[in-house]
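Protein chains in written order, with this note's numbering: chain A, 15 to 410; chain B, 170 to 446.
Covered by chain A, per the in silico footprint, the following chain B stretches (three or more residues, Cβ under 8 Å):
hint, region
1, 173-180
2, 194-208
These stretches of chain B come out as covered by chain A in the derived footprint (C-beta under 8 Å, 3 or more residues):
hint, region
3, 365-378
4, 402-414
5, 422-429
6, 436-443
Below, simulated PhoX-like cross-link-like pairs (lysine-lysine); rule was C-alpha separation at most 20 Å, straight line:
hint, chain 1, residue 1, chain 2, residue 2
7, B, Lys239, B, Lys317
8, A, Lys42, B, Lys171
9, A, Lys42, B, Lys438
10, B, Lys355, B, Lys290
11, B, Lys443, A, Lys241
12, B, Lys239, B, Lys229
13, B, Lys395, B, Lys317
14, B, Lys407, A, Lys85
15, B, Lys316, B, Lys222
16, A, Lys42, A, Lys242
17, B, Lys239, B, Lys223
18, A, Lys401, A, Lys343
19, B, Lys350, B, Lys336
20, A, Lys85, B, Lys322
21, B, Lys239, B, Lys322
22, B, Lys443, A, Lys242
23, A, Lys343, B, Lys174
24, B, Lys440, A, Lys42
25, B, Lys312, B, Lys223
26, B, Lys229, B, Lys312
27, B, Lys339, B, Lys407
28, B, Lys171, B, Lys443
29, B, Lys443, A, Lys240
30, B, Lys287, B, Lys355
31, B, Lys336, A, Lys85
32, A, Lys241, A, Lys42
33, B, Lys336, B, Lys355
34, B, Lys355, A, Lys287
35, B, Lys443, A, Lys42
36, B, Lys339, A, Lys85
37, B, Lys395, B, Lys322
38, B, Lys316, B, Lys239
39, B, Lys413, A, Lys85
40, B, Lys171, A, Lys343
Read the hints as simulated data drawn from the structure, not as lab findings.
No experiment lies behind these values; they were computed from the predicted model shown.
Glycine included, C-beta positions come from ideal geometry on N, C-alpha and C.
For reference, the chains in residue letters:
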Amino acid sequence: MRFIDWLDERLAIRQLIRIMMTEYYVPKNINFLWSFGVLIVLMLVILIISGLFLLMYYKPDANLAFDSVNKTIMMDVAFGWIFRHVHAVGASIMFLVLFIHMARGIYYGSYKPPREIVWITGYILFILMSATAFTGYLLPWGQMSYWAAQTITTLFEKIPVIGPDLVIWIRGHFIVEDPTLTRFFALHVVFLPLLLIVFTAIHLYAVRIVGSNNEDGEPIPKEEKKKKGIPFWPVFMAKEFFVMTVFLTFFFFLVFFHYEFAMDPINFIPADKLQTPPHIYPEWYFLAFYEVLRGFFFSQNLGLIAFVLSMFIAMFLPWLDRSPIVSGKHRPLFQIAFWIFVIDFVFLTVLGKLPPTGLYAWLGLIGSIVFFGFFLSLPIISKIERKQLERGGDKQ
Amino acid sequence: MKELKILAVLVVIVLVGYIGIEPYAKHVMHGTIPPPDFSYLDLPKFEPVGDPKKGRELFKANCSSCHSLKADGIEAGMDKKTAELSFHVVPPDLSNVATIIESHFLANFIRDPQTATKNPKFAMPPMGYLTNDQIGNIIAYLKSTAKKELTGKEILHDACTRCHSVKYQKIPAETSQEHLKIYLGKIPPDLSLMGRAKEHEYLITFINNPQVLLPGTTMPRLGLTKEATETLVAYLDKIADPYKEQRKKIGIWVLIYMFIGVVLTYAWKRKIWKNIH
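Required output: the full structure, derived from the provided sequences and hints.
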């Protein structure tokens, strides 16, 4: 008896491969943007492996952390620097891939029925990934690590009633200190990665149930799946591997030759609680949301509400946009709104790093309003499109 | 074709964002770094000339109570501990000082250290009572003892480590922390990673004239020559990023490997997708 038969009898491995791979059909009319989901899984694996090796030498202690990263890992451990570069650049690129994956989902209407759960679990994954990145950024205990954590944790102070106590609870101290480092460490290396894996599983399971969306947003009935689709293995994955290698070439180019954007020079100065750096900014992937926070410069409370809203509002897309037309490809009005939103997001990201003074402050306010404008325009666009459809129906 | 168009849109968006948050934002935040000025011509013109033999006697009479000159077997009259207690900083050995410090600056420095260094609390007292000829003789003597070629590490030792530690190279600051705090108001930063924390050009200009980039800093202007500054900063860059060469070498091999991967996966994709339309 061959081993595979032996395994098949006990684990139904052939059936599993059929269901998950060879007879799982992906629509034909999709472009390479649909490869980004697997790229995210790839990045997650790269981050977990590189993180594991960093974990072997990292010391979660305010007195030791900086040296354990910058001396032990970067200088003493053989090739330790590769793992740090991969981990730091990997975290940054993970967000680039996430943003593209999400933008694709928005443009082609992948959040619409029946894919609401896919969208929501995906969005939860984005929030979890943000939390992982934020907690991880504190660990090298450099100047920007410290002051970014100090600034962001201070935000919780504004929450009514429990705010001030909550901040102390989060930090484990009155300021960001050793207890903050150790609890962020615990969250970063155990709790958040576990949740990430669990939600990735749910996300992928949900995709397997409802199937991938496609460029035209047309639902594919079960009977037509074979005709209108391509099997996940080997056809889809053949293309995926090609996209993956191109992506990895770009990724390793950044890791070895162009990593400064992910490893801020100022973070090579040890954390100093007595010396505030002249400019404090989060990593680039939070800049747009950070700019929404600063955008309402005349009211801290309003800014904070806007910030929280900006982080979560996209989760409610399935209910904001109820147009029966799924794909943005067939929605001229939506396309206008979408591209304004994309440009605005890049605009906010750039503004987020600039000093919030003078003209920049006002531009930030405009950018923030446009950001929410996109989400508020969706119910209106839906209504117009519904009417157009009804009128079109009358004519027939 | 359509996919290439999508890729082009992606590349443009990413590039615009990148240029905005990196080069542009950095330019707005830090401005441009002014170029260094190694002529030190803000100080009165003073080209020292003189006789090293007379200089030796003058050195022994005026300098050696605090400074040693080990290259010529001259020990300081005061031990380091006493000097530290008196000045809150350890005086340097002057064997190679004439090689690393620009001579016009050095002449002005001896006459009035506080003006030359732009640090009103600089520890060395002004030697205004020396005539220009005497200063010329002393500098001629210092030039005669100095090694002509110094490594980055030697310059670091002569110019920086009295106040700065470099702990990843196991170099402690020669002056104790408590005295440095009195002398400079704070403990000066460790230099182990300065080469990564600051740009090359920033370090050159900062060492050349600290007040230009960090007004009010207690770091004195040292008057290093162009060569000494460049050798020193190259050394700081190297110790902060010791695997730069290795990184480039491995990086190229990884990219070659990935490129082969791109070709192979593309060939496989073509094969599998041949009959799919």
